[in-house]
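2 protein chains.
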Amino acid sequence: MELLRNKVITEGIVLPGNVLKVDSFLNHQMDPVLMQAIGREFKHRFAEAGVNRILTIESSGIAPGIMTALEMQVPLIFARKQKSLTLTDDIFVETAYSYTKQQSNDITVSKKFIQPGDKVLVIDDFLANGEAAFALARIVGQAGAEVAGIGIVIEKSFQPGADLLTGEGYRLESLVRIAGLEDGGVQFAD
Amino acid sequence: MELLRNKVITEGIVLPGNVLKVDSFLNHQMDPVLMQAIGREFKHRFAEAGVNRILTIESSGIAPGIMTALEMQVPLIFARKQKSLTLTDDIFVETAYSYTKQQSNDITVSKKFIQPGDKVLVIDDFLANGEAAFALARIVGQAGAEVAGIGIVIEKSFQPGADLLTGEGYRLESLVRIAGLEDGGVQFAD
Chain V
3 MELLRNKVIT EGIVLPGNVL KVDSFLNHQM DPVLMQAIGR EFKHRFAEAG VNRILTIESS
63 GIAPGIMTAL EMQVPLIFAR KQKSLTLTDD IFVETAYSYT KQQSNDITVS KKFIQPGDKV
123 LVIDDFLANG EAAFALARIV GQAGAEVAGI GIVIEKSFQP GADLLTGEGY RLESLVRIAG
183 LEDGGVQFAD
Chain L
3 MELLRNKVIT EGIVLPGNVL KVDSFLNHQM DPVLMQAIGR EFKHRFAEAG VNRILTIESS
63 GIAPGIMTAL EMQVPLIFAR KQKSLTLTDD IFVETAYSYT KQQSNDITVS KKFIQPGDKV
123 LVIDDFLANG EAAFALARIV GQAGAEVAGI GIVIEKSFQP GADLLTGEGY RLESLVRIAG
183 LEDGGVQFAD
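Just so you know, the protein sequences line up as chains V and L, in that order. Counting from 3, one number per residue, gives the positions in the first sequence under this note's numbering. Counting from 3, one number per residue, gives the positions in the second sequence under this note's numbering.
Just so you know, the hints here were simulated from the structure itself, not pulled from any lab data. A portion of the hints provided could be inaccurate.
Treat identical chains as interchangeable: a pair holds within one or across any two.
[Stated by the list, open to error] As a list, the in silico DSSO-like pairs of lysine-lysine whose alpha-carbon atoms are at most 27 Å apart:
1) Lys9 with Lys113
2) Lys113 with Lys23
3) Lys9 with Lys103
4) Lys45 with Lys113
5) Lys83 with Lys103
6) Lys103 with Lys45
7) Lys85 with Lys9
8) Lys121 with Lys103
9) Lys9 with Lys114
10) Lys45 with Lys85
11) Lys121 with Lys45
12) Lys121 with Lys23
13) Lys103 with Lys114
14) Lys85 with Lys103
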């Protein structure tokens, strides 16, 4: 996706430890025109997938998620992250480890919003190790619903998440794929 | 706003302790068409305010915020909530008490995204005691920028936030105003 790739080139900042900072357009300040273009691109890529709801995770997944939901005219659900949780009967819970924050989060979705037979598109801003995407996919599975696809804004292809997800048979569409973050620059995978 | 008011009537759930649960369309599952309508309504109400950026707070402010940003063609910034924080030089920090969660949060915004002279529209999903709105307004003040207005999706008019904000001279626009949540029902203020 050319518009997004150009934003990464012009505004992305590479920090030590394989960190790509994109807080000027994706996960702190957000460019709404770019978000709309992202929504249109995901709609285009998953147009034939029969999606009837979209699942993302707070906070940075919400803007691309709601724009995709608007384009596809389906509801968006965002999973909540909590450090630990008193279990209740009416929520799905899965655990995901955050390598960035070095802690595990419980990820929760109210059971009433995903039903057996639903075709759920999972959307997130970044894919690195795949912890969040797998946790969301497991929640879809708990609900007896189907993962129609996984849409990622920025994939760090040099980390294991993408291979693990496609290895499990998920259909993965990443709008920008990054092969490396060497020498303070961004190397794209395609 | 008729569409929103009807959603509150048909899908809102009143719980003990003055809680209005709207997780089916506003703060867990989200209706993108309603979000777009909310964005259009805020644009209409603040069309003459000279807004050049929008500030909201994670997580439930992001969807109405990005839709308003799209309609107004300005960037959205979402403030992050953290329980406590190691101070750094490049962020604005304010503290807000959450009555719902009974804890104080540090609310942070990167300094590079609000500049002196900016006219900032503050957007949030709920207004009750006004803690979050005031914290966001103080961040705008720290930046030497101006609060062009405060746009709220659902105002609990029977709690003190609305009066406190207008008392301080802020221009407040709430799309739905709730006078009370007595006897399991929603009483509207207008």
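Each hint tested on the structure:
no.: 1; hint: Lys9 with Lys113; in the structure: between (37 Å within a copy, 20 Å between copies)
no.: 2; hint: Lys113 with Lys23; in the structure: between (34 Å within a copy, 15 Å between copies)
no.: 3; hint: Lys9 with Lys103; in the structure: within (25 Å within a copy, 37 Å between copies)
no.: 4; hint: Lys45 with Lys113; in the structure: within (25 Å within a copy, 34 Å between copies)
no.: 5; hint: Lys83 with Lys103; in the structure: both (12 Å within a copy, 15 Å between copies)
no.: 6; hint: Lys103 with Lys45; in the structure: neither (31 Å within a copy, 37 Å between copies)
no.: 7; hint: Lys85 with Lys9; in the structure: neither (33 Å within a copy, 32 Å between copies)
no.: 8; hint: Lys121 with Lys103; in the structure: neither (31 Å within a copy, 34 Å between copies)
no.: 9; hint: Lys9 with Lys114; in the structure: between (38 Å within a copy, 17 Å between copies)
no.: 10; hint: Lys45 with Lys85; in the structure: neither (33 Å within a copy, 37 Å between copies)
no.: 11; hint: Lys121 with Lys45; in the structure: within (14 Å within a copy, 34 Å between copies)
no.: 12; hint: Lys121 with Lys23; in the structure: between (32 Å within a copy, 26 Å between copies)
no.: 13; hint: Lys103 with Lys114; in the structure: between (30 Å within a copy, 23 Å between copies)
no.: 14; hint: Lys85 with Lys103; in the structure: both (11 Å within a copy, 14 Å between copies)
The structure fails hints 6, 7, 8, 10 (numbered hints given earlier, in ascending order).
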